[in-house]
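Visitor: Spelled out, the chains give:
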Amino acid sequence: MGDERSLFVQERHIKGGGKMAKKITIDPVTRIEGHLKIVVEVENGKVKDAWSSGTMARGFEAMLIGKDPRDASFVTSRFCGVCYSVHQLASARALDEAFGAKVPWGGNLIRNLVMGAEYVYDHLIHFYQLSALDYIDVMAIANYSGMDKDLLAVKDKIVGLVKTKDTYPLTPRYEPDEFTVKDPDMVIMAVKHYIDALKIHAEARNMGAIWGGRTPHYQNIVVGGVTSYPDINQVTRFRTMLDEQAKFVNEVYIPDVLSFGTGPLWPLAEMGLGGGHYNYLSYGDFQKDPAGKELIFPAGVIMGLNPAGIKVDPVDTKKITESVKYSWYRENKPVHPYNGEQVFNLDKKDAYTFVKAPRYDRKAMEVGPLARMLVAKHPDVLGLVGKGARPGAVVRHAARAIETKLIVDACYDWLDHLLTEMTKPGFKIHDTEHWDPPESGMGAGFHEAPRGALGHWIKIKNKKIDNYQAVVPSTWNASPRDEKEVRGQYEESLIGAPVPDPDNPINVVRVIRSFDPCLACAIHIIDPHTNEIKKFLIE
Amino acid sequence: MSKTNASSALNSKGGDDISPQKIVILGVGNLLLSDEGVGVHAANELMKMELPPEVTVVEGGTDGFGLLNIITEADRLIVIDAVKGGGAPGSIYRFYIDEVQSCPSGFKTSVHQIGILEVISLSGLIGKTPHTTVIGIEPKSLEMSMELSPEVKAKIPRIIELIFDELKIKNLTWSVSKIQEGI
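In order, the protein sequence lines correspond to chains A and B.
So the numbering used here is basically just the index in the first sequence, starting at one, shifted up by 68.
So the numbering used here is basically just the index in the second sequence, starting at one, shifted up by 265.
Bound-form chain B, shown alone:
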């Protein structure tokens, strides 16, 4: 409880345990395929920042099942990944995972046969499925390279800003402006 902010600790009475939600920001993708790695690049930027104690940033690479240990520990999950949605390079998409599960012939047969969304859905079998938001970025290049394309690279600060906005909705108390100074 030491990490709960002061005001809520003051307001809480005995037995009224307000333990903070565990928030995980998970950047995924392949670092060797330029924009495919945008989630990894964004996660690496976030790791340099000072974040509230309940927020954990994880760079998930291209693991599938291996992320189960991370996903099942989260109450709230934000996934950053490249998304092919047909928009211009650098376009940003945002959706809750429940929204795409109702998509006909949607994600469940995606390119990688056991992908991040499948694994999130499996987490429900052994406990809870975290409330999940996906922040997707339309890639320009999937060529072999460890650099992002300029269009996608330019969007990293905006992606981070959107994630902070997203988490602020949940009334988490910390200073966004303070963090933005660090970018």
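Chain A extracted, bound-state conformation:
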């Protein structure tokens, strides 16, 4: 077995107040999308301070300036190889506002269905492929003594991988600790579901392609709606595939998350590992009806969560600013995204990340499934909190599973609505009256992406893009300190995390991975860090 610490952890001793504190650097954090470095200072077995660094530059917005505004949906969908459709949608919504386009209900339904498939895909990968290994000791499989044929096949597969030393994706990893599930029956079932999930979410990508025309990088979402009329076969195919996804979500994913969360991981839930600032933001998304009176995910802001009486305030997006004091950008006061800029300064003193620091009303916020489910006051999440779980890594996983079910259920409703719409005379999916760019204008597009609140802001002048900014979910969560020295949400959520063995900071990666980080996963080069590749040079 490879060992995560031998690969990535560097340590150094630092002196602080006469006591020895230990600084641990985890670079890169593995099993996330993109590139992230986390530094923690550990004292008396607990994290005392933390720094989160996005180590890859992301400044794609600059290349949009001067382009036809309609190009934005296409170009921004290439920001990221994982979450392309979310950018396409947020961008189209920013253009909808700037162009004055009114998306017909039919167009909105198809947009929603594309995102429905995206949610199932993202959340299943996050739980099984990216997170589960933080909580189970895969090697316990060797001790499975049951006779279940399917499970024995899983055991053979994993033992086979270990024997041939081809242990990706099980390694690199940290050593199991006292919270790690080691019961062979539970572990082997989890690994079986890990393998099953691979098949299910591969199919979810094909579901998105029913509407998106291709996979990856769907093509159908544009300003004013979507590009192609649905036919009955598409609706039927989507529904058949959705049945299989729904079955997995209801019968495997949710039971797994709940049995782990309320079982062996309950001590981590009670401890509230990975809590943070307890400030939450959801822009709200997914209309239930043509007028948008009700949303699947309501909009709202919670400042300083009080579980006994959750106070949700309305969102005012004018209160969003981005600070760059600790980011490798030219010095600037905190500004609203409409006025944001992308000018790098790599020599800036004290800067430690390419991620800016978005703030709402000058406060650091958490975005994502936990924020959405708390803003929605979802009874199942509040039920966990009522039983003594503190919002943190474990409740975050639960919130993600619960909202996956909400989305799956909503997909059935959207299909029914779509069928009704399709039979109406004059059925429309696109506002063709507003296809041409306005002489000038501005617009904001908001979307609750699987990872959280996503916003795109555009300014148009002479029918061309004059400025463009995207504030993505992981920017909120992974942000550095701001001009008032307030930590970002990852940083704050690490404070107090137990690290009894500095060589094995497994709780640090549990916290970080619970947010489902996605940082500038926009690069795809094969970079082997070895000279071996030279022998394959052919010309």
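Be a bit skeptical, because a hint or two may be false.
[To be verified] Under the rule of at most 27 Å between Cα atoms (straight-line distance), these lysine-lysine pairs were calculated in the BS3-like manner: (1) B:405 - A:135; (2) A:233 - B:393; (3) B:349 - A:233; (4) B:287 - A:225; (5) A:267 - B:393.
[Stated by the list, open to error] So these bits of chain A aren't anywhere near chain B, every CB distance computed over 10 Å: (6) 211; (7) 295; (8) 305; (9) 358; (10) 402; (11) 477; (12) 483; (13) 501; (14) 529; (15) 564; (16) 568; (17) 571.
[Claimed, not checked] Only part of the chain B face toward chain A is listed, based on derived beta-carbon distances under 7 Å: (18) 296; (19) 297; (20) 326; (21) 327; (22) 328; (23) 330; (24) 334; (25) 356; (26) 359; (27) 360; (28) 390; (29) 391; (30) 409.
Hint data in this document are derived by calculation from the structure and do not stem from the laboratory.
Note that the structure is a prediction, hence the values are computed from the model and not measured.
Beta carbons: idealized from backbone N, C-alpha and C, even for Gly.
Starting from the known structure of chain A, arrange chain B on it as the hints suggest.
Guide: Relative to the frame of chain A, chain B by itself:
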């Protein structure tokens, strides 16, 4: 079976089903970072050509896990990607995926944490791992741009030729020269 070529259909006897291998040519990379997108540019060129029915060309962008649906459907996979191997810009590398898995401290901790090679390796867990060849091109520029550098752009026809050579080894019957006329 309608797409099997005539000679093999004639030679086949009842029950002797020769279904053609499914070949996928997958170009990956980021279109916004100049030479990082070479795989995407090459795939887009290939899509303009008339190819045998068993060959599918996919432009994979920078997706990772999301390519699993495509990879698991292939018997034979050719990946076109930018590769940093230390050669001169435009250098071409070719290797089978099994060759690099034995590289010490090789690809498994590459820049993007869940990359194409990791996903190919995962496909083995849910079925077969396709026989995979990587055609890699040394990039010159990774600057933000939707254009390739001249050095890399000039290599696109050669990359396509190499892919056709590679597939010909498997005794696939179609006219390479006919396709090359189209470039």
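Visitor: Holds or violated: residue 328 (chain B) as interface residue toward chain A, Cβ cutoff 7 Å?
Guide: holds, 4 Å
Visitor: Is the nearest CB of chain B more than 10 Å from the CB of residue 501 (chain A)?
Guide: holds, 30 Å
Visitor: If you draw a straight line from the CA of residue 267 (chain A) to the CA of residue 393 (chain B), is it 27 Å or shorter?
Guide: holds, 12 Å
Visitor: Checking a non-interface call: every C-beta of chain B should be farther than 10 Å from the C-beta of residue 571 (chain A). Is that right?
Guide: holds, 19 Å
Visitor: When you look at the beta carbon of residue 402 (chain A), is every beta carbon of chain B farther off than 10 Å?
Guide: Non-interface label on residue 402 (chain A) holds, nearest chain B Cβ at 25 Å vs cutoff 10 Å.
Visitor: Under the criterion of a CB-CB separation shorter than 7 Å, is residue 360 (chain B) in contact with chain A as hinted?
Guide: holds, 4 Å
Visitor: The output says residue 211 (chain A) does not contact chain B. Does that hold with a beta carbon cutoff of 10 Å?
Guide: holds, 21 Å
Visitor: Taking 10 Å as the cut and beta carbons as the points, is residue 483 (chain A) off the interface with chain B?
Guide: At about 21 Å from chain B, residue 483 (chain A) clears the 10 Å cut-off, so the statement holds.
Visitor: With 7 Å as the cut and Cβ atoms as the points, is residue 327 (chain B) at the interface with chain A?
Guide: holds, 3 Å
Visitor: Is it true that the CA of residue 405 (chain B) sits at most 27 Å from the CA of residue 135 (chain A)?
Guide: holds, 25 Å
Visitor: Hey, does the residue 330 (chain B) contact hint survive, CB to chain A under 7 Å?
Guide: OK, holds: residue 330 (chain B) within 7 Å of chain A, min 5 Å.
Visitor: Over 10 Å from every CB of chain B: does residue 564 (chain A) meet that, or does the non-interface label fail?
Guide: holds, 27 Å
Hint compliance for this structure: every hint is met.
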